[in-house]
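Engineer: If you want the building blocks of each chain, they are given just below.
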Amino acid sequence: MKNALVIAAREFEEKRFVAYAAVAFAILPFIIGILPGINNRSPREVIAIAAVVLGTGFTLGLAVITGASFIGRDLSDGRMSFYFSRPAGSFSIWFGKLTAGILMIVGCFGFIVVPARLAAGDHWKKLFSTTLTWWTAYILAIAVGLFLIAHVIGTFARSRSPLIALDFIAAVICGVSVRYLLVPLMAGEAFVIIDWLSSALAISAALAVICGGAWQLERGRTDRRRSHLALSQFLWGAMAVVLLIAAAYVAWVVSEKPGDLTANVQATRSTSGPFAVLTGMSKGRADYRAAFLINADDGSVTRIDSWAAWTTRYTRDGRSAVVLRRADNVANIMIYTQGKTEPIDTGLTMTAGDYVLSDDATRIATISRPMTLSIYDVAQKRSLASARLPDATFVQTFFVTNDIVRAYLNVPNGMKIMELDARTRGLRETGFVPSGNAIFIYPDSSSMHMLMKTGPGGLTLNDARTGTPLRTLATGTQLKTARYLRDGRIAFVDGPNSATVLHILATDGTPQRDIPLGGKTWITIVGDDGTRIVLNDVDAPLGKRMLEAVNIDHGIIERREPIVDWVPSGAMDTRPAIQPLREVFYVGANGHMTTWNPATGAKRAIT
Amino acid sequence: MSDTAIRISNLHVRYGRMVAVEDAALNVSRGAVYALVGRNGAGKSSLVRCLLGQQKPQRGDVALFGEDAWSRRKSLMQRIGVVTEDADAPPEMSVGAIARFCSRLYDKWDQDSVEARLRTFGVPLTSRFGSLSKGQKKQVSLAMALAISPELLVLDDPTLGLDVVARKSLFEEVIGDLADRGTTIFITTHDLAGVETFADRVGMMEHGRIVLDEDVDALKSRFRRIRFAAQPVAIDTAVLRPTVMRSWGGGAEAIVSNYDDVSFERMRSTSNIGAAEVEAMSLEEIFIAIAGGKAGGNS
Chain V
1 MKNALVIAAR EFEEKRFVAY AAVAFAILPF IIGILPGINN RSPREVIAIA AVVLGTGFTL
61 GLAVITGASF IGRDLSDGRM SFYFSRPAGS FSIWFGKLTA GILMIVGCFG FIVVPARLAA
121 GDHWKKLFST TLTWWTAYIL AIAVGLFLIA HVIGTFARSR SPLIALDFIA AVICGVSVRY
181 LLVPLMAGEA FVIIDWLSSA LAISAALAVI CGGAWQLERG RTDRRRSHLA LSQFLWGAMA
241 VVLLIAAAYV AWVVSEKPGD LTANVQATRS TSGPFAVLTG MSKGRADYRA AFLINADDGS
301 VTRIDSWAAW TTRYTRDGRS AVVLRRADNV ANIMIYTQGK TEPIDTGLTM TAGDYVLSDD
361 ATRIATISRP MTLSIYDVAQ KRSLASARLP DATFVQTFFV TNDIVRAYLN VPNGMKIMEL
421 DARTRGLRET GFVPSGNAIF IYPDSSSMHM LMKTGPGGLT LNDARTGTPL RTLATGTQLK
481 TARYLRDGRI AFVDGPNSAT VLHILATDGT PQRDIPLGGK TWITIVGDDG TRIVLNDVDA
541 PLGKRMLEAV NIDHGIIERR EPIVDWVPSG AMDTRPAIQP LREVFYVGAN GHMTTWNPAT
601 GAKRAIT
Chain W
1 MSDTAIRISN LHVRYGRMVA VEDAALNVSR GAVYALVGRN GAGKSSLVRC LLGQQKPQRG
61 DVALFGEDAW SRRKSLMQRI GVVTEDADAP PEMSVGAIAR FCSRLYDKWD QDSVEARLRT
121 FGVPLTSRFG SLSKGQKKQV SLAMALAISP ELLVLDDPTL GLDVVARKSL FEEVIGDLAD
181 RGTTIFITTH DLAGVETFAD RVGMMEHGRI VLDEDVDALK SRFRRIRFAA QPVAIDTAVL
241 RPTVMRSWGG GAEAIVSNYD DVSFERMRST SNIGAAEVEA MSLEEIFIAI AGGKAGGNS
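These protein sequences, in sequence, are chains V and W. The numbers in my numbering rise by one with no breaks, and the one at position 328 of the first sequence is 328. The numbers in my numbering rise by one with no breaks, and the one at position 128 of the second sequence is 128.
Since the hints were made in silico from the structure, they are not lab data. Treat the hints with caution; some may be incorrect.
Distance windows between CB atoms, simulated [as the list claims (entries may be wrong)]:
{"id": "1", "chain 1": "W", "residue 1": "61", "chain 2": "V", "residue 2": "206", "range": "21 to 27 Å"}
{"id": "2", "chain 1": "W", "residue 1": "58", "chain 2": "V", "residue 2": "171", "range": "25 to 31 Å"}
{"id": "3", "chain 1": "W", "residue 1": "61", "chain 2": "V", "residue 2": "17", "range": "43 to 49 Å"}
No residue lacks a Cβ here, since even glycine has one placed at the ideal position from N, Cα and C.
Take these sequences, add in the hints, and give me the full structure.
Structural biologist: Encoded structure:
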C-alpha cells in the first residue's frame, strides 16, 4: 500500500505538466466569457458552457493519452526495470500507476469545471439542472473506460507481438458474443435486463482490465511481450468466464415456457382456427417478455419476438398465422400454417407500417410509410401493385378478393373508399362518405355491405364499395358493438350500462330478435357458431370479466364463464370468420391460457 | 545463512524460437566479484534480468542468498543494488526526485552517500535525468544502487558510455572499495582490463551458453602464449593443448589453455621445438583467444 502511494506520487510528479494544462483550460472559459461577440448569452452562461465542453474534451483526451502510455510506454521504452529493480511489488507498481492515472483524470475534470460552476452561480442550474450529476458521472465513467481500453490497446500495440492478431480475433468474438446475448433480450423487450447486463459486462470488463493489468506486471514484469501475453490471457480468459456466466443467465431468462408466464399476460387469437399468440412475463426474469405462437390443436409452441406478438395476423380461414421476425433493421414476414412444422419465409420484409392478408395467405398487402399500399404474391415473392394513398388519420384495409385490396381512409371531412387492383395495377376511389366523426366499419363476408359506426351511437348499413347508405340501424341508442354474423345476419349491442340488449337483424337490416343481456359496462362480440354468439363483457353487477354464450335461436344466455382477461382477435379485419367458432381463448388464473367451448362449456388448459 | 550469493542452474531463456540462454549454471560465493563477459547478444542481459527476478526463465532456477529470485524479488531487492545496462529512470525526473522516490521504497537509505557520490561524479541533484549524458546516467544509477549498502551489487555493463577517467574511477575507487568491504559483485562487462584486478571469478557466455566459469587466477595460470623461433612446430597436444596456433614473424605463436611449467619442460625436452618464449596473458587476451578460437577456429 505504502509503495503504491509512493509510486502514485511519483506519477503525479512526473505528469505535473498535465495539471498546468488543466489550469490553463480552467482559465480559458473565463477568457471566452469576456470575449466580445459572444453576447447572446450572459458571460456566466458562456463560462459554464465553455467549461463543460472544454472539461469533457480535455478529460476524454487525457484519458486516452494517459491510458495508452502509463504502462505501455514504460514497457516499450525499457523503463519498467526502474521499478522492478527496486523493492516494489508488481501490484504496488500497477495500482500506484493506475490510481495516479484515474485521479489525474478526475482531478483535471474538477480543475476545469469547478471554478466555472462557482462563477456561474444560479445560471449553472438553469443550464444543466439536476442532470449534471449524472452527466458528470457518465463522463467520468466513459473517461475511465477509455483510459482502460487505451491501456489494453497501448500494451498490445507497443509489444509489437504477432499475438495482437489473436487479440483482435478475441475482441471480435467478445463483441459478437455480446451481440448474440443482447439480441434475444431485445426480442423480449427486456430493457431493464439489457441495461443491467450491459452495466455488469462493462464493470466486469473494467475489472478484468484492472486485475489483468496487475497480472500483466506480475507475470510480464519488464518484458513487453510477456506482459502482452499475460494481459491477453487474463483479459480474454476473464471475459470468457464472464460471457459464459452471462450466456447461462440469458439462456435461463429466455428458456421460459408458456406455462411460466404469470404477469402481464396478454394474447391474441385468430378469428377462427387454432392459432393464438401468448405474451407475458414470469417470475424472476425482470421485464423480459416472452411471446409464443400456440397451435391449440396440436399443442405446438413456437417462440417469437415479443414485439411481434402485436403484429401477428391470422388468415380468415384460420389455417395460417403470419409472424414478423426481426432481421437487423427489417422484419421478415413468416407464415405458419396448420399441419406444417416449418414456417414459410415469404422473402418479404417490412420496415414500419401494417399489413393484411388474403383469406388464404397467398397474398399480402402492406401499408408502409408514407401511406403506400402494396400487394405482394407470397409464392412468387414479388410485388404485384403499389400505389400511394392519400394521407389519413385511420385506415382499415381488406382483401376483397385475392387481387383487390380495399382501403377505408378516415380523412378530415369523411371517409374515402379506394381499391388497388393487382391485375390492372390501378388505384381508384370507389366511394366517399361525408362525416364529421371518425368512422369504423364492419364488412360482411363477401365485402358487399358493411356496418358503419359513426359518431355517438350511430349505426348504418352501407354499400361496402361505394359507401352509399342503405339503412339506418340505430341512432342515439348508446351503441356498444356491432358485427356481421357468419350467415350474413347482423348483431349489435346497445342500451345503457345497466340494461344492455343484443339485437339480431336480417341481412337487409330488418329486426329479428332482441335479447336482454343485463348490466354490462363493456362488451364486444367474439364470434358465432351459427347457433350462439359469444360475447366478451364486463358484467356490471359482478364487476367481473366474462365470456357469455348467447343462444340466438332461443334468445337466452346459455353459459357464462368468468375470466381474468380476454383474448382479442389479432387483426383489424372486422369481417366474420369463415369457420364457425369452436373454442374461445381466454387468460385464466395465474396467466394460464385456456380454451372454452361455448357449445358444451368444456374447458381446456393450453398453458 | 547461505554462503552462496548467486546460484543459477539449468537456466533456459527463449524469445519465440530464439534461444537467449541455454542450460546456464553458475555460482557466486558471498563476497566474491564475478565478471560475466561475452560478445553482444551472447545472452548476458537476459541472464541478468532472470537474476534480478525481472524475467521468468522457461526453465531453471535462479537463487539469490538462497531465495528464489522470481518469487522473492521484492524482498531481495532490499539487499541488492542494481545498475542496469540502459539507464532506465524516467527522463522527466530530476536526480534529486529519483533519490527521494528511491529513499521511500527502501528500508535503509543513505542520502548523504548519494549526495556525496553525485558531487564526486559532478552530477547536480537538480538535473533532469533525461538531460544527462549516458555516463552520468550510469553514475546516478550507481549512486542510487550504493545508497542501500547492498549485500549484492549487480552491474550490467556499467562502463558503457563512461569516459576513461570515469571508468577507472568506477573500477578502482568504487567497485574495488566495495569488493574490499566484502560486497558481492556481479558484473557484466566488455571491459576485461578493468575487472582483471579485482574479479575473483570470470564467466564467459557464447550463444547463450556459459562456456567458461573459472577462478581468474586459475584461468590466468593455465593460459599462456608461447612463441617459437622456428616453424613449423610440432606440439605434442597430449601434453599442451593449443587454443590458437598461428605464424608469428619467422616462427609461430601458440596459445595454450592447459599450461604448466612441468608439462612445458617435458614437451620442450621431447619435441624439437627450438627456442621458445612463454608469456602470461591478460584476461582480455584470453577472452579474445577463446572467443576468436570459437568463432574462427585455429589459424
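Engineer: Hint by hint, where does the structure go against what was stated? Just the numbers, ascending.
Structural biologist: Hint 1 is the one this structure does not satisfy, whereas the remaining hints hold.
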